[in-house]
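Visitor: Line by line, the protein sequences give chains A and B.
Per our numbering, the very first residue in the first sequence carries number 1; after that it's consecutive.
Per our numbering, the very first residue in the second sequence carries number 1; after that it's consecutive.
Hints were generated in silico from the structure; no laboratory data involved.
Only a predicted model underlies this, so the values are computations on that prediction, with no experimental measurement involved.
Accuracy of the hints is not assured; some may be wrong.
[As the list claims (entries may be wrong)] Residues of chain B placed beyond 10 Å of chain A at every Cβ, according to the derived structure:
(1) Leu-13
(2) Ser-14
(3) Phe-34
(4) Ala-87
[To be verified] In silico contact screen, one side only, chain A against chain B (beta carbon under 8 Å); selected entries:
(5) Gly-16
(6) Phe-21
(7) Arg-31
(8) Tyr-33
(9) Pro-43
(10) Tyr-48
(11) Asn-51
(12) Glu-52
(13) Ala-53
(14) Glu-56
(15) Pro-70
(16) Asp-100
(17) Phe-105
(18) Gly-106
(19) Gln-107
[Claimed, not checked] Residues of chain A placed beyond 12 Å of chain B at every Cβ, according to the derived structure:
(20) Lys-14
(21) Tyr-35
(22) Gly-42
(23) Glu-44
(24) Gln-50
(25) Leu-55
(26) Ser-66
(27) Gly-72
(28) Ser-95
(29) Thr-97
(30) Glu-102
(31) Gly-108
No residue lacks a Cβ here, since even glycine has one placed at the ideal position from N, Cα and C.
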Amino acid sequence: DTGVSQDPRHKITKRGQNVTFRCDPISEHNRLYWYRQTLGQGPEFLTYFQNEAQLEKSRLLSDRFSAERPKGSFSTLEIQRTEQGDSAMYLCASSSTGADTEAFFGQGTRLTVV
Amino acid sequence: AQSVSQHNHHVILSEAASLELGCNYSYGGTVNLFWYVQYPGQHLQLLLKYFSGDPLVKGIKGFEAEFIKSKFSFNLRKPSVQWSDTAEYFCATGGSYIPTFGRGTSLIVHP
Numbered sequence: 001d002t003g004v005s006q007d008p009r010h011k012i013t014k015r016g017q018n019v020t021f022r023c024d025p026i027s028e029h030n031r032l033y034w035y036r037q038t039l040g041q042g043p044e045f046l047t048y049f050q051n052e053a054q055l056e057k058s059r060l061l062s063d064r065f066s067a068e069r070p071k072g073s074f075s076t077l078e079i080q081r082t083e084q085g086d087s088a089m090y091l092c093a094s095s096s097t098g099a100d101t102e103a104f105f106g107q108g109t110r111l112t113v114v
Numbered sequence: 001a002q003s004v005s006q007h008n009h010h011v012i013l014s015e016a017a018s019l020e021l022g023c024n025y026s027y028g029g030t031v032n033l034f035w036y037v038q039y040p041g042q043h044l045q046l047l048l049k050y051f052s053g054d055p056l057v058k059g060i061k062g063f064e065a066e067f068i069k070s071k072f073s074f075n076l077r078k079p080s081v082q083w084s085d086t087a088e089y090f091c092a093t094g095g096s097y098i099p100t101f102g103r104g105t106s107l108i109v110h111p
């Protein structure tokens, strides 16, 4: 499968713990996005990379959230000191560089904070 | 920044009925518009996209959308829905290379 893959698919954690999610984009895609989706809402933008550079971060991305894309390939999203409000689906997407391109999404990581 | 709004949050139809889901975008320069679909338990998939040219865009599975600049709209249509079209539908804009999504419309099609 050459699509966007995310790991893990599901994560249950206790409040206060740290969690890390991984995203492997489509190999030739330079752009990588992280989104968060809660029930009944559309995906909300969190952050965007072009190659290894993190070019934009949403105000939704508090200090407890950090994302990296060290070699311009896979990316990780870490949430420190998780809170119940962090429970959501975390989506990763990638796209190629260019004006007429669309984003391809992974299946997401569902986080439950108990 | 560009944004989109979707007016119908829940739609229930019978098979063979016609579908139209509304999407309005805010003006913000270059207009790139998308419709994505999310079937139960699956990832977001692109239905169709508009960047320029013919304002009537054909997508997969018999869907189409019309870009109407004067109305800032990009409504999704299908002449005859099937039970398998039951899904969440999201309109999105990508004018700044960062896709921005609407709240989504939940479509339930009864057989």
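Visitor: Take the hints in turn and mark each one as holding or not.
Guide: Against the structure, the hints come out as follows:
{"no.": "1", "hint": "Leu-13", "in the structure": "19 Å, holds"}
{"no.": "2", "hint": "Ser-14", "in the structure": "24 Å, holds"}
{"no.": "3", "hint": "Phe-34", "in the structure": "6 Å, violated"}
{"no.": "4", "hint": "Ala-87", "in the structure": "13 Å, holds"}
{"no.": "5", "hint": "Gly-16", "in the structure": "30 Å, violated"}
{"no.": "6", "hint": "Phe-21", "in the structure": "15 Å, violated"}
{"no.": "7", "hint": "Arg-31", "in the structure": "7 Å, holds"}
{"no.": "8", "hint": "Tyr-33", "in the structure": "7 Å, holds"}
{"no.": "9", "hint": "Pro-43", "in the structure": "5 Å, holds"}
{"no.": "10", "hint": "Tyr-48", "in the structure": "5 Å, holds"}
{"no.": "11", "hint": "Asn-51", "in the structure": "13 Å, violated"}
{"no.": "12", "hint": "Glu-52", "in the structure": "17 Å, violated"}
{"no.": "13", "hint": "Ala-53", "in the structure": "13 Å, violated"}
{"no.": "14", "hint": "Glu-56", "in the structure": "6 Å, holds"}
{"no.": "15", "hint": "Pro-70", "in the structure": "21 Å, violated"}
{"no.": "16", "hint": "Asp-100", "in the structure": "5 Å, holds"}
{"no.": "17", "hint": "Phe-105", "in the structure": "4 Å, holds"}
{"no.": "18", "hint": "Gly-106", "in the structure": "6 Å, holds"}
{"no.": "19", "hint": "Gln-107", "in the structure": "4 Å, holds"}
{"no.": "20", "hint": "Lys-14", "in the structure": "26 Å, holds"}
{"no.": "21", "hint": "Tyr-35", "in the structure": "8 Å, violated"}
{"no.": "22", "hint": "Gly-42", "in the structure": "4 Å, violated"}
{"no.": "23", "hint": "Glu-44", "in the structure": "8 Å, violated"}
{"no.": "24", "hint": "Gln-50", "in the structure": "8 Å, violated"}
{"no.": "25", "hint": "Leu-55", "in the structure": "9 Å, violated"}
{"no.": "26", "hint": "Ser-66", "in the structure": "19 Å, holds"}
{"no.": "27", "hint": "Gly-72", "in the structure": "16 Å, holds"}
{"no.": "28", "hint": "Ser-95", "in the structure": "8 Å, violated"}
{"no.": "29", "hint": "Thr-97", "in the structure": "9 Å, violated"}
{"no.": "30", "hint": "Glu-102", "in the structure": "5 Å, violated"}
{"no.": "31", "hint": "Gly-108", "in the structure": "7 Å, violated"}
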